[in-house]
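> Can you build the whole structure from these sequences, using the hints too?
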Amino acid sequence: MNIAIIGTGYVGLVAGSCFAESGNDVWCVDNDAAKIENLKNGVIPIYEPGLPEIIQRNVREERLTFTTDLDAAVKKSFVIFVAVGTPPLPNGGANLKAVFDVAAAIGRAGS
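Under numbering that gives the first Met the number 0, the letters of the sequence shown match residues 0 to 110, in that order.
Just so you know, these hints were derived from the structure itself, not from any lab.
These figures come from a predicted structure and were not determined experimentally.
Don't take each hint at face value.
[Unchecked claim] Label-pair distances were calculated between CB atoms; the ranges are:
(1) T67 - V10: 15 to 21 Å
(2) N94 - E52: 19 to 25 Å
(3) G22 - G91: 38 to 44 Å
(4) Y9 - A71: 20 to 26 Å
(5) D100 - Y9: 30 to 36 Å
(6) R59 - G106: 29 to 35 Å
(7) L50 - G84: 17 to 23 Å
(8) G49 - P89: 36 to 42 Å
(9) M0 - P89: 38 to 44 Å
(10) E60 - L88: 39 to 45 Å
(11) R56 - N90: 41 to 47 Å
(12) E47 - N1: 30 to 36 Å
[As the list claims (entries may be wrong)] Capping the alpha-carbon separation at 16 Å, the derived lysine to aspartate or glutamate pairs in EDC-like fashion look like this:
(13) K75 - E61
(14) K39 - E61
(15) K34 - D68
(16) K74 - D24
(17) K75 - D24
(18) K39 - E60
Even glycine gets a Cβ: it sits at the ideal position worked out from N, Cα and C.
And the structure:
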């Protein structure tokens with residue numbers, strides 16, 4: 000199955016890597032070009048036991064791709080997961096701006 004994961008933080012990077020390890024083709028998307036370039040070069044920004052080996056294996060076997068091109072990833076994918084940050088607002092609620100921005104971008108990409 001073709002899957003896009005939007006956001007390459009703890010949730011997105013681990014989920015995308017595990018989906019790829021399960022045999023899916025996964026595009027991990029982030030708007031931070033430096034972060035994507037680091038991931039392409041094997042620099043993993045988080046600590047999770049075993050994750051570097053899973054990423055390395057799945058990149059090598061072409062099941063895991065890192066990109067800033069949300070449009071292309073969306074067009075190739077059957078399932079899209081949004082895993083962007085939702086920092087707290089002053090009132091304690093979640094700031095969903097990034098979620099809404101990604102949802103709008105997904106809608107534009109699918110048109």
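> Of all the hints numbered above, which does this structure not satisfy? Sort the numbers upward.
2, 5, 12
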